[in-house]
Every structure is written in C-alpha cells, then in structure tokens.
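Engineer: In case you want the letters, here they are:
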Amino acid sequence: MTALAALFVRDLRLAIRVGGGALIGVLFFLIVVTLVPFAIGPDLALLAQVGPAILWLGALLASLLTLDRLLAIDHEDGSLDLILTAPIALEATVAVKAIAHWLTTGLPLVVATPLLGLLLNLEPQATGAVALTLLVGTPALTFLGLVGAAVTVALRRGGLLVAVLVLPLTVPVLIFGVAASNAAIVGPLRFGTPFTILGGVALMSIVVGTFATAAALRHAAD
Amino acid sequence: MRLSGSDLACFRGGRQVFAGLSFTVEAGEALVVLGPNGAGKSSLLRLVAGLTAHSAGTLSLAGGNDELTIAEQAHYLGHLDALKPSLSVTENLAFWSRFLGGSEDCAAALEAVGLAGIARLPAAYLSAGQRRRLSVARLIAIKRPLWLLDEPTTALDATAQAQLAGLMRDHLAGGGLILAAAHGSIGLDAPKELRLGGPR
Chain E
1 MTALAALFVR DLRLAIRVGG GALIGVLFFL IVVTLVPFAI GPDLALLAQV GPAILWLGAL
61 LASLLTLDRL LAIDHEDGSL DLILTAPIAL EATVAVKAIA HWLTTGLPLV VATPLLGLLL
121 NLEPQATGAV ALTLLVGTPA LTFLGLVGAA VTVALRRGGL LVAVLVLPLT VPVLIFGVAA
181 SNAAIVGPLR FGTPFTILGG VALMSIVVGT FATAAALRHA AD
Chain D
223 MRLSGSDLAC FRGGRQVFAG LSFTVEAGEA LVVLGPNGAG KSSLLRLVAG LTAHSAGTLS
283 LAGGNDELTI AEQAHYLGHL DALKPSLSVT ENLAFWSRFL GGSEDCAAAL EAVGLAGIAR
343 LPAAYLSAGQ RRRLSVARLI AIKRPLWLLD EPTTALDATA QAQLAGLMRD HLAGGGLILA
403 AAHGSIGLDA PKELRLGGPR
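One line per chain: the protein sequences are E and D, in this order.
The opening residue of the first sequence carries number 1 in the working numbering; numbering runs sequentially from there.
The opening residue of the second sequence carries number 223 in the working numbering; numbering runs sequentially from there.
Among these hints, one or two may not hold up.
Quick list of simulated restraints, FRET-style, between CB atoms [stated by the list, open to error]:
1. E:R218 <-> D:T376: 25 to 33 angstroms
2. E:Q125 <-> D:R234: 57 to 65 angstroms
3. E:E91 <-> D:A341: 45 to 53 angstroms
4. E:L35 <-> D:A380: 30 to 38 angstroms
5. D:G285 <-> E:A215: 55 to 63 angstroms
6. D:D379 <-> E:V208: 31 to 39 angstroms
7. D:G285 <-> E:I24: 33 to 41 angstroms
8. E:L35 <-> D:G339: 45 to 53 angstroms
9. E:P168 <-> D:R234: 29 to 37 angstroms
I should point out that these hints are in silico values taken from the structure, not numbers from a laboratory.
A virtual CB, placed ideally from N, CA and C, is assigned to each residue, including glycine.
With the hints as extra help, turn the sequences into a complete structure.
Structural biologist: So, in structure tokens, the structure goes:
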C-alpha cells in the first residue's frame with residue numbers, strides 16, 4: 001500500500017510541477033469552447049441547444065490531449081522497466097496512475113464546466129447536468145485513453161495514433177453523456193435512464209481499461 | 223543462493239541474439255558478461271530481469287524467496303536512469319525506494335554515493351555521472367540480493383568508479399550476487415567471466 005501511495009504522490013507532483021501539463025487540458029477545453037460561439041454566431045437558442053454536445057466534445061479532446069505522454073515518458077526514461085520489477089500487480093499500478101491522472105486533468109474539466117456553460121447560454125440547471133455527466137464520464141475517458149497510450153508507448157510520435165485508436169471506443173460514453181445532459185434540459189426522457197447507462201459504461205471502461213493497459217505494458221517492455 | 227541459467231536462447235526483433243547459453247552465479251560471486259556490441263549482453267540482463275522473454279531454456283534462483291519472481295529480487299541498473307527531471311534528488315530516490323519495497327529514509331544511500339550535498343537539487347540539473355550515481359544509490363536504499371548491472375561504470379569518474387567497486391564488494395561480502403555486462407574491468411578483482419560471441 002505504501003508503494004502505491006508513493007506512486008500516487010509522485011504522479012501528482014509530476015503533473016503539477018513545471019512541464020507536467022496538468023492545466024494544458026483545461027486550457028485547451030477553455031479555448032475550444034470559447035471558439036464555438038464565434039463560429040456559430042450570436043444565436044442564443046442554437047447555442048443552448050448544442051451546448052452540452054460542445055462541452056462533451058471539448059472535454060473528450062482535452063482529456064485525450066494530455067494522455068499520450070503519460071506512459072511514453074515512463075517508457076523513455078526507463079521507469080517502466082523498474083515498475084515491472086516491483087512486487088506490485090501491474091494492474092494496481094496502472095489504476096493508481098490513472099486515478100492520479102484523472103485528478104489532475106479530468107477533474108479540472110468538470111470544475112471548469114459551470115464557467116464555460118455561461119459562454120454557451122446554458123441555464124444553471126443544464127450546466128449542472130452537464131457537469132454531473134462529465135464527472136461520471138471523464139474517468140471512463142481516462143481509462144480508455146490509457147489503453148491507447150499503452151499500446152503506442154514505444155512509438156515516438158504516438159499522440160495522434162492514440163486519438164485515432166481511442167476515439168471510436170469513446171462513442172458510447174459520448175452518446176450517453178450527451179443524451180443524459182439533453183434529457184435533463186429538454187426531456188422527454190428522464191435524466192436517470194441515460195445517466196445510469198453512462199455510469200455502467202464508465203465502470204466497465206475502468207475495469208477493462210485497467211487490465212488492457214497492464215497487458216499492453218507487459219508487451220511493451222520487450 | 224544461486225542464480226543459474228541453462229540452455230537459454232533469446233530472440234529479439236525476429237533475430238536470434240544468443241542460444242544455448244548456460245551460466246551459474248553463486249552467493250558472493252560476480253559474473254561479468256563480456257562480448258562485442260550486439261552480442262546480447264544487455265539482452266541477457268533484461269532476460270534475467272524478466273523484461274524480455276526467453277524462447278528456450280530455464281532460469282532459476284535457488285535459495286531465494288519462492289514467493290517472489292527473480293525480477294522482484296533483482297535490481298536492474300540499465301542504460302536509462304529512470305529519473306524525473308522535475309523531482310529533486312531525494313524525491314527521486316525516495317520514490318523508487320518506497321515503490322520497490324524499501325524505506326523512505328534515503329540519506330545513507332545518498333551519502334554512500336556522494337550526493338548528500340545536492341540532495342535537494344532537481345534531477346534536471348545533474349550531470350550524466352551524477353545521474354548514474356543516483357541510480358546506484360537505488361541499489362543501496364533497497365536491499366535486493368541480485369544486482370543486474372548494465373555497464374555500470376559508464377559516465378562515472380575514477381572516484382565514483384572506486385566507490386561503486388567498494389559498494390559491489392560489500393554487496394558480495396554480504397552474500398549478494400552480481401551479474402554485470404561490461405567492456406572492460408568493473409573494478410572487482412578477478413570476477414568470473416562469461417564471453418558471448420559476435421552478432422549473427
């Protein structure tokens with residue numbers, strides 16, 4: 001347990017220190033969502049209608065943007081070799097890394113959502129619904145993205161490949177995330193129905209992502 | 223305690239690196255793997271560390287902890303330093319020490335490699351030799367019986383090489399095992415040698 005705590009603290013430190021990039025994702029999120037009103041024009045009704053989808057797409061791209069280097073750096077500097085010789089299940093290591101990563105990159109996206117909802121003319125209640133779906137959905141994005149990062153860990157320029165590999169897998173999360181947000185805003189579906197499915201998809205992604213990432217890393221060391 | 227490999231073969235990238243390789247290392251003994259570039263010295267160390275699969279043969283560590291794999295009882299000191307530039311010298315070492323099952327107090331290990339004076343410096347500012355010494359400090363901070371050293375003297379100056387030789391002698395005197403890849407002497411008196419052939 002103390003080993004995993006040490007890993008958790010190290011990853012948090014690395015993320016918030018110089019070059020860690022904890023805020024890169026949330027800045028990207030901010031700029032993408034800010035650009036949308038300029039592109040669509042001052043049509044407030046339309047903005048409110050597409051708002052949840054824009055927020056979700058922005059969060060999706062932002063969480064992928066910060067993922068590609070997470071494991072590649074550990075591979076390049078030899079840390080991955082040592083991690084593999086530790087008497088700890090690689091799955092546990094992967095899960096701790098993912099949680100630390102989500103806390104520094106996924107959670108800020110959720111926190112920033114209320115502010116960005118203002119730019120898209122969303123009602124406070126609608127913004128709250130989007131933030132809640134992002135809170136449940138972004139861990140799924142982190143764990144799914146980690147699989148892509150692990151598969152491309154030995155490639156020098158794996159970043160774009162991660163996006164191409166992972167984005168199709170995130171479609172269910174996106175569909176139910178936006179569906180739950182819209183259900184809370186315009187109905188007619190009850191919020192709980194798509195939201196429960198989103199929760200289920202998220203839990204499944206966390207489990208599958210953890211094991212798939214560990215399996216990919218074992219092969220990457222060779 | 224005895225590390226023995228018999229009839230080991232290793233393929234990397236579809237190419238046979240070596241085959242039919244057998245060796246034993248007893249407790250308190252050092253085995254230096256010699257050979258030209260590409261002969262498979264590093265591959266052999268990575269194979270023992272469990273980082274590369276062997277395609278034939280057996281590898282065993284008799285007299286160790288049966289509940290741990292060989293890799294979990296070994297220190298792998300490769301060409302890469304596994305240091306994070308934004309963490310300080312102490313933070314880097316303390317992390318690996320805790321993660322690999324040692325204690326958090328690393329002052330003695332830093333003292334042993336002569337880095338105690340710059341313990342709070344970020345690792346980004348270390349020279350190649352200092353980075354190497356910090357990696358060596360890992361071997362001291364966490365007790366593991368088998369040391370796998372891949373050209374351990376690279377980038378070390380004469381003083382540090384003598385220091386490392388002293389640490390290796392202490393390790394051997396305590397019943398440890400060393401398997402080292404090198405091109406020349408690693409500072410030990412008459413270690414056993416294993417010669418690998420040229421690239422095929």
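Engineer: Taking the hints in turn, state whether each one holds.
Structural biologist: Consistency of the hints with the structure:
{"no.": "1", "hint": "E:R218 <-> D:T376: 25 to 33 angstroms", "result": "28 angstroms, holds"}
{"no.": "2", "hint": "E:Q125 <-> D:R234: 57 to 65 angstroms", "result": "59 angstroms, holds"}
{"no.": "3", "hint": "E:E91 <-> D:A341: 45 to 53 angstroms", "result": "34 angstroms, violated"}
{"no.": "4", "hint": "E:L35 <-> D:A380: 30 to 38 angstroms", "result": "60 angstroms, violated"}
{"no.": "5", "hint": "D:G285 <-> E:A215: 55 to 63 angstroms", "result": "32 angstroms, violated"}
{"no.": "6", "hint": "D:D379 <-> E:V208: 31 to 39 angstroms", "result": "50 angstroms, violated"}
{"no.": "7", "hint": "D:G285 <-> E:I24: 33 to 41 angstroms", "result": "50 angstroms, violated"}
{"no.": "8", "hint": "E:L35 <-> D:G339: 45 to 53 angstroms", "result": "51 angstroms, holds"}
{"no.": "9", "hint": "E:P168 <-> D:R234: 29 to 37 angstroms", "result": "32 angstroms, holds"}
The structure shown violates the earlier hints numbered 3, 4, 5, 6, 7.
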